[in-house]
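Protein chains in written order, with UniProt numbering: chain A, 1 to 121; chain B, 1 to 207.
No wet-lab data here; the hints were simulated from the structure. Please note: incorrect hints may appear among the correct ones.
[What the hints assert, rightly or not] The calculated lysine to aspartate or glutamate pairs, modelled on EDC-like cross-linking and capped at a C-alpha distance of 20 Å, are: (1) Lys112/A with Glu173/B; (2) Lys112/A with Asp23/B; (3) Lys183/B with Asp116/A; (4) Lys183/B with Asp195/B; (5) Lys112/A with Asp89/B; (6) Lys183/B with Glu46/B; (7) Lys183/B with Glu173/B; (8) Lys112/A with Asp195/B.
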Amino acid sequence: MNPKRIDGEDPDRLYTVTGGRSRTEESTFDSVTLVVGECEPRAGMQSEHMRILRMCARPTAVVEVSAALGMPVSVVKILLRDLMDTGQITVRHPSSASTAANVHSPSSETLKQVLDALQRL
Amino acid sequence: MHSNASEAPAYQTPAPLSADAHDALKIVVVGGFGVGKTTMVGAVSEIRPLSTEEVMTEAGVGIDDPSSVRSKTTTTAAFDFGRITITEDKILYLFGAPGQERFWFLWDQLFAGSLGAVVLADPRRLEDSWYAVDRLEAHGMPFVVAINRFEPGPGLAALREALSLPDEVPLVECDARSRHDCKTVLISLVRHLNDLYALSPAREGTP
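Go ahead and model the full structure; you've got the sequences and the hints to work with.
Laid out in structure tokens, this is it:
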């Protein structure tokens, strides 16, 4: 992902780095990619797929699907990929995902919106 | 056994997002066991915090060295999250994540692309925060440190020194149960981000 960072890592921390690399390889979904169902659940579908389609009638983040199904995020990503490959869901990726950076440097407009929202809390 | 369809399901979908929701942002609250991460997330979240888990992805681990036994181990990390609506199309997800070394794979698998982090520290167990502080610095992830004050103790200057925290990293006190305090902590992080990026001319022209 970022060769400089990998070079700078201690060997005993490499598992984290390799975890990052595998994430890049299967970067179809971010943890907060929003999933939108594009069809109704049908009889005969795998039950997890049906639950996902029911939940995702409105946009729902990958981690929320994971919490609802009680399954690890990486497992949920595989289920979601099945649904996406067959056109049953569409996805809205976070703008940070396009930068391929560890840290998302947002626009000043986004920061202002976040600040305003926090101040309204 | 199937429950009656008219009964409430075990998982109640929290208030759904706007149909126009398009862009989700992330901030991570990281800290040791029992320091109050979930409490902090819950204090500001518009939904009751949800919890789930992630397992360390095996793919890639040990590929460079097929004999590595490390590829045989699996680590599971539980984490909580909540959310705050920012605008009609933007949502902020707040994650509460364990700070111990063995859980840092979460940062690569889940938290990459975060705006920044809050290190929530217990002044009686500052050593629990050392690893997180080091690691965030190594990742270049902007962060603030929030001291969850359980009882009177050393002042902020002493805590800053004990954490070897550079002057530019904000250090604030809070009560993780207080919505007002947690809101203030998050605002201090966003202001810190503003300052950082205002100082960085390299960002000009970034799409």
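Verification of the hints:
A threshold of 20 Å between alpha carbons decides the hint, and for Lys112/A with Glu173/B the separation of about 24 Å lies outside it, so the pair is violated. For the hint linking Lys112/A to Asp23/B, the alpha-carbon distance of about 15 Å falls within 20 Å, and the restraint holds. Between Lys183/B and Asp116/A the CA atoms are separated by roughly 11 Å; this keeps the pair inside 20 Å, and the hint holds. Restraint check for Lys183/B and Asp195/B: the C-alpha separation of about 18 Å stays at or below 20 Å, so the hint holds.
For the given pair, Lys112/A sits about 14 Å from Asp89/B by alpha-carbon distance, which is consistent with the 20 Å threshold. Under the criterion of a C-alpha separation no larger than 20 Å, the hint pairing Lys183/B with Glu46/B is consistent with the structure, at around 12 Å. Note on Lys183/B and Glu173/B: the hinted pairing holds, with a Cα-Cα distance of about 12 Å set against a maximum of 20 Å. Only pairs whose Cα atoms come within 20 Å are accepted, and Lys112/A paired with Asp195/B is accepted, the gap being roughly 12 Å.
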